[in-house]
Amino acid sequence: MSDHDYRPKSKVGQWFNDRLPLLTLANHLTDYPTPKNLNYWWTFGGILTFCLITQIVTGLTLAMHYIAHADMAFESVEHIMRDVNYGWLIRYIHANGASMFFLAVYIHIFRSLFYGSYKAPREIIWIIGIIIYLLMMAAAFMGYVLPWGQMSFWGATVITNLFSAIPLVGEGIVTWLWGGYSVDNPTLTRFFTLHYLIPFLILGLVVLHIWALHVPGNNNPVGIDIKKPSKDTVPFHPYIVIKDGFALLMFMIVFAFFVFYAPNILGHADNYIEANPMVTPAHIVPEWYLLPFYAILRSVPDKLLGVVAMLSAILILAVLPWLDTSKIRSAVFRPLYKQFYWILVADVLILGYVGAMPAEGLYLLIARVATAYYFLHFLVILPVLGFKEKTLPVPLSITEPVLGGSPNFAAARNKESKIE
Amino acid sequence: MSEKKTKRRDFLFTATTAVGAVGAAAVVWPMIDQMNPDASVKALASTEVDVSSLTPGNTLTVLWRGKPVFIRRRTQKEIDEARSVKMEELIHPEKDEDRAKNPEWLVMLGVCTHLGCVPLNDKGDYNGWFCPCHGSHYDTSGRIRKGPAPWNMEVPKYEFVNANTIKIG
Numbered sequence: 001m002s003d004h005d006y007r008p009k010s011k012v013g014q015w016f017n018d019r020l021p022l023l024t025l026a027n028h029l030t031d032y033p034t035p036k037n038l039n040y041w042w043t044f045g046g047i048l049t050f051c052l053i054t055q056i057v058t059g060l061t062l063a064m065h066y067i068a069h070a071d072m073a074f075e076s077v078e079h080i081m082r083d084v085n086y087g088w089l090i091r092y093i094h095a096n097g098a099s100m101f102f103l104a105v106y107i108h109i110f111r112s113l114f115y116g117s118y119k120a121p122r123e124i125i126w127i128i129g130i131i132i133y134l135l136m137m138a139a140a141f142m143g144y145v146l147p148w149g150q151m152s153f154w155g156a157t158v159i160t161n162l163f164s165a166i167p168l169v170g171e172g173i174v175t176w177l178w179g180g181y182s183v184d185n186p187t188l189t190r191f192f193t194l195h196y197l198i199p200f201l202i203l204g205l206v207v208l209h210i211w212a213l214h215v216p217g218n219n220n221p222v223g224i225d226i227k228k229p230s231k232d233t234v235p236f237h238p239y240i241v242i243k244d245g246f247a248l249l250m251f252m253i254v255f256a257f258f259v260f261y262a263p264n265i266l267g268h269a270d271n272y273i274e275a276n277p278m279v280t281p282a283h284i285v286p287e288w289y290l291l292p293f294y295a296i297l298r299s300v301p302d303k304l305l306g307v308v309a310m311l312s313a314i315l316i317l318a319v320l321p322w323l324d325t326s327k328i329r330s331a332v333f334r335p336l337y338k339q340f341y342w343i344l345v346a347d348v349l350i351l352g353y354v355g356a357m358p359a360e361g362l363y364l365l366i367a368r369v370a371t372a373y374y375f376l377h378f379l380v381i382l383p384v385l386g387f388k389e390k391t392l393p394v395p396l397s398i399t400e401p402v403l404g405g406s407p408n409f410a411a412a413r414n415k416e417s418k419i420e
Numbered sequence: 001m002s003e004k005k006t007k008r009r010d011f012l013f014t015a016t017t018a019v020g021a022v023g024a025a026a027v028v029w030p031m032i033d034q035m036n037p038d039a040s041v042k043a044l045a046s047t048e049v050d051v052s053s054l055t056p057g058n059t060l061t062v063l064w065r066g067k068p069v070f071i072r073r074r075t076q077k078e079i080d081e082a083r084s085v086k087m088e089e090l091i092h093p094e095k096d097e098d099r100a101k102n103p104e105w106l107v108m109l110g111v112c113t114h115l116g117c118v119p120l121n122d123k124g125d126y127n128g129w130f131c132p133c134h135g136s137h138y139d140t141s142g143r144i145r146k147g148p149a150p151w152n153m154e155v156p157k158y159e160f161v162n163a164n165t166i167k168i169g
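One line per chain: the protein sequences are A and B, in this order. Note that this note's numbering gives residue 113 to position 113 of the first sequence, counting from 1, and the numbers run on in steps of one. Note that this note's numbering gives residue 92 to position 92 of the second sequence, counting from 1, and the numbers run on in steps of one.
Hints in this document: simulated from the structure, not taken from any laboratory. Because the structure is a prediction, the values reported are computed rather than measured. A hint or two may mislead.
Covered, in the sense of this in silico footprint (three residues per stretch, anywhere, with C-beta under 8 Å from a C-beta of chain B), are these stretches of chain A [to be verified]:
#1 167-179
#2 277-285
Just the calculated beta-carbon pair ranges, DEER-fashion [claimed, not checked]:
#3 A:G245 - B:E154: 56 to 62 Å
#4 A:I124 - B:K4: 35 to 41 Å
#5 B:T14 - A:L396: 52 to 58 Å
#6 B:W29 - A:K9: 41 to 47 Å
#7 B:V22 - A:L89: 41 to 47 Å
#8 A:T189 - B:W29: 16 to 22 Å
#9 B:A26 - A:L197: 51 to 57 Å
#10 B:A26 - A:Y86: 45 to 51 Å
#11 B:V19 - A:R82: 56 to 62 Å
#12 A:L197 - B:V19: 28 to 34 Å
#13 A:M64 - B:P93: 51 to 57 Å
All C-beta atoms in this analysis are idealised placements derived from N, C-alpha and C, irrespective of residue type, glycine included.
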């Protein structure tokens with residue numbers, strides 16, 4: 001943000017801006033030079049911001065009617081669904097909003113994986129993103145507990161019991177998390193408190209995420225460093241604002257489909273049965289967005305190692321910038337990586353599928369192979385690929401591939417370097 | 001730096017930091033400990049169960065400290081099965097004699113030691129219990145035989161108050 005000598009036009013604006021440079025910030029955000037070749041995979045940052053705001057607004061309104069007590073929570077949710085004006089709408093937006101949030105974040109993450117957006121100098125953006133993702137999972141899990149249905153209760157039991165795998169102090173930690181000897185009212189009230197808190201932590205981290213992004217600027221599909229501002233960039237407003245807006249509209253159509261036509265398709269019928277500590281549902285499954293990690297947990301026959309494998313599967317992403325040894329960012333110029341990338345996508349989808357299936361027979365075998373491959377991709381394939389792969393020539397600027405075919409190419413390049 | 005002598009300022013700095021750290025810890029601990037089980041939760045420590053209606057081969061499930069407790073009146077066949085197992089075959093070796101002082105009665109927490117689900121009665125490869133969540137098999141003594149659970153189902157502290165009543169806790 002160093003390139004700013006902005007001065008507001010009006011006297012009042014100047015007076016205010018000298019005291020609190022909010023207008024400089026606003027000017028930075030509108031003028032922010034953005035690579036002109038950003039495709040629609042780059043619109044998910046804006047979509048995710050929309051998702052976060054939606055969850056906060058609908059969450060606040062639900063909290064006005066919800067009662068965080070083991071004896072009343074289930075009924076209060078039914079009260080929201082039946083009695084509260086538009087309660088059904090707000091709750092369905094909130095519940096499906098979580099799924100939409102994860103859908104968008106997965107696309108956002110896999111965009112980064114394809115175009116190498118996590119590589120230098122964007123490691124901090126990436127790591128903040130992973131922390132946001134972890135907080136999202138925590139918030140989603142605790143939110144799912146609040147309706148106090150059967151899946152809420154047993155999901156909470158299973159997930160909190162993961163901590164009992166820690167040697168020596170594990171059981172003590174679980175009792176501490178529960179505030180008792182089982183998941184009960186103290187657990188519910190603290191989960192409600194934390195579920196309320198986490199979105200605001202995420203909001204703060206999103207600010208840091210965007211701040212860190214605006215230091216080097218956006219990566220782009222070609223994955224090269226570009227001069228800013230130059231012929232390779234366009235101002236954020238109106239170009240990217242319009243593009244993001246259009247993509248958001250498309251996304252909202254999908255969102256609205258779930259809310260209005262299939263509001264319960266992503267949930268489990270068991271959660272419309274009130275929590276019962278005496279009976280475990282026949283088949284416990286987490287929400288779809290946690291299934292790949294659930295599959296990894298179950299594929300390891302040892303309790304502690306299963307938990308370690310599951311956590312590692314997420315935390316390994318944080319060190320990805322150092323595991324990927326290739327200097328080339330975009331998979332467009334990495335013919336081998338591009339193939340391994342799609343194998344990884346398939347691998348994660350397979351893990352998600354077997355995570356929803358019972359952990360036995362062929363499903364268990366597939367889960368084990370897919371888990372092994374997941375770690376192989378990050379720990380072996382990526383580091384080795386950086387040294388072995390023969391990458392394609394990378395253009396010097398975004399405009400080059402377009403102008404490269406024209407007879408004026410040399411002239412155009414000359415002209416551009418002069419401008420820069 | 002090494003030539004520098006320790007000065008009064010250094011002493012003050014160290015002392016202030018130390019006192020500050022102790023003070024911070026003293027404030028943080030109540031914030032952490034408030035999440036542990038409170039007095040009202042701890043007060044519900046024991047429960048008495050009337051088991052007179054239980055016939056051999058059946059299980060009664062009661063709630064104790066928010067967790068299900070299985071009280072199984074075992075048949076002779078089940079007892080023989082549980083007592084004939086060799087210790088080498090067990091994942092978590094425990095004698096049935098130690099788990100069920102009175103062989104006819106097996107009292108244990110109905111909580112899978114893997115991730116805390118409630119196992120199902122009369123199911124699984126060992127005619128005992130089977131956990132539907134992640135596929136742990138328990139035998140007629142509630143000992144883990146197959147699957148991801150690391151330990152046998154826990155036997156709580158309990159006693160027969162009289163012939164028909166068990167006090168758990």
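Can the suggested window of 16 to 22 Å be confirmed for the beta-carbon pair T189 of chain A and W29 of chain B? holds (21 Å)
For the region 167-179 of chain A, count the residues whose Cβ lies under 8 Å from any Cβ of chain B; is that count three or more? Answer holds; 5 residues pass the 8 Å Cβ test.
Outcome for the supplied range 41 to 47 Å, where the beta carbon pair is V22 of chain B and L89 of chain A: violated (53 Å)
Taking beta carbons only, do three or more residues of the region 277-285 of chain A come closer than 8 Å to chain B? holds (count 8)
A range of 51 to 57 Å was offered for this pair. Does it hold for the Cβ distance of M64 of chain A and P93 of chain B? holds (55 Å)
Look at the Cβ atoms of A26 of chain B and Y86 of chain A and judge whether their distance stays inside 45 to 51 Å. holds (48 Å)
Consistency of beta-carbon spacing, L396 of chain A to T14 of chain B, with hint 52 to 58 Å: Given a distance of about 57 Å, which is inside 52 to 58 Å, the answer is holds.
Tell me if the beta carbons of G245 of chain A and E154 of chain B are separated by a distance inside 56 to 62 Å. holds (58 Å)
Should the hint that V19 of chain B and R82 of chain A are 56 to 62 Å apart at their CB atoms be regarded as holding? holds (58 Å)
Per the hint of 41 to 47 Å, is the separation of the Cβ atoms of W29 of chain B and K9 of chain A within bounds? violated (56 Å)
Using the Cβ atoms, figure out if I124 of chain A sits within 35 to 41 Å of K4 of chain B. Holds, at about 36 Å.
Taking 51 to 57 Å as the hint, is the beta-carbon distance of A26 of chain B and L197 of chain A inside that range? Violated, at about 24 Å.
Of the numbered hints listed earlier, those contradicted by the structure are 6, 7 and 9.
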